[in-house]
Amino acid sequence: MEGTNRETGVYEVNGSKEGPTAVVIGGMHGNEVNGYRVAANATNWELDAGRLLVIPLANIVAIERNSRRGPDGDLNRLFPSGQKPESALARAIWGVVKDTDPDVVIDLHRSRGLFNTHRRWIGQVLLLTEAHGERAIDTAEYVIDYMNENHVPRTMRFHRFTMADIHDTDRDTGMLIQKVQRDIGALGFLIESTEFLLDLETQLRWTTTITEQLLDQNGIQRTA
Amino acid sequence: MMGERITLRKIIIAPAVWVSFALLVFPLALSDIDSRLFSPLALPGYVLFVCMTVIGDILPKVRNFGFRLYWVPFIVVCYGVSLALGAGYYALCRRYTIQR
Ligand SMILES: [Zn+2]
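From first to last, the protein sequence lines stand for chains A and B. Sequential numbering from 64 applies to the first sequence in the working numbering. Sequential numbering from 182 applies to the second sequence in the working numbering.
If you are wondering where the hints come from, they were derived from the structure by calculation, not from laboratory data. Glycine residues also receive a C-beta, built at the ideal position from the N, C-alpha and C atoms. Possibly wrong hints are sitting among the right ones.
[What the hints assert, rightly or not] Stretch-level coverage of chain A by chain B, calculated; a stretch enters the list once three of its residues show a Cβ under 8 Å from a Cβ in chain B:
id	segment
1	175-182
2	200-211
3	262-271
Given these sequences and hints, build the entire structure.
Below, the structure written as structure tokens:
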């Protein structure tokens, strides 16, 4: 990626038919293994329609250090709306996202705790931005129900996925999904899957399924 | 059997204690290795584990510990709970025998 010292690759997967465009990003936080591994796998997916752009190892320096923050701090706070992103890497990522002109952007993350249970952690959440329309909410609700019905064991009550939005309309979080919504009007989703009492394989499975389901709901079906 | 005293030693080695300990710990440990193995049997251990982390998460010093580390106090607490359950169980049995 231009403007960065280390190589942060961008991959493109094209479906057999015309369709919407999506961007999937992993490794925004370098210690969130599920995110960058699922995104890396997604570079080999086959789609029935549409176009998928994948940035699997967004913050490669942080990934190599296995730390949340990279040299410029928390990468997912460097995307202020209506302004230039605040680091070379953030600008490079934003350049790719903007040029792709996506319909939907999915950012993959990991939480350490559980929603509404552990005060300091967000938990298993599908995060939307405040500007979401009804369609985004319907999509999120469908996907959350799908996960809770088919993947989260019934008795694992505290692990159920939930929808949350970045509340304050005025507050700029600097998160990529918010900039995506405000600056280019695309749908932005942030997936938080937890590591709490879950083995890595399960984290990968759940992150994969929720990504597939979100793409599917946006007209991009994975075939292999 | 009437009037037999329940000693601490008897409770520690009592089957009821170990059975409840095993039921609290093993189903959850199994699911921790592969969450597809999570069964309703893991529910008591699951609730206890979550409760312990909720409390730990608001305590100033403890909150910096990763949740993985909770397995150690969890096992200790499970044993404590099992002792209480075991003692309760044998006390009930004893009462039942005496009444008969
Ligand atoms: Zn993250």
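Each hint tested on the structure:
1. With a cut-off of 8 Å between beta carbons, the segment 175-182 of chain A has 6 residues touching chain B; three or more are needed, and the interface restraint holds.
2. Using a Cβ-Cβ cut-off of 8 Å, 0 residues of the segment 200-211 of chain A lie near chain B, which falls short of the minimum of three, so the contact claim is violated.
3. For the segment 262-271 of chain A, the stated coverage by chain B holds: 3 residues have a C-beta nearer than 8 Å to a C-beta of that chain, and at least 3 were required.
Violated hint for the displayed structure: number 2, the only one.
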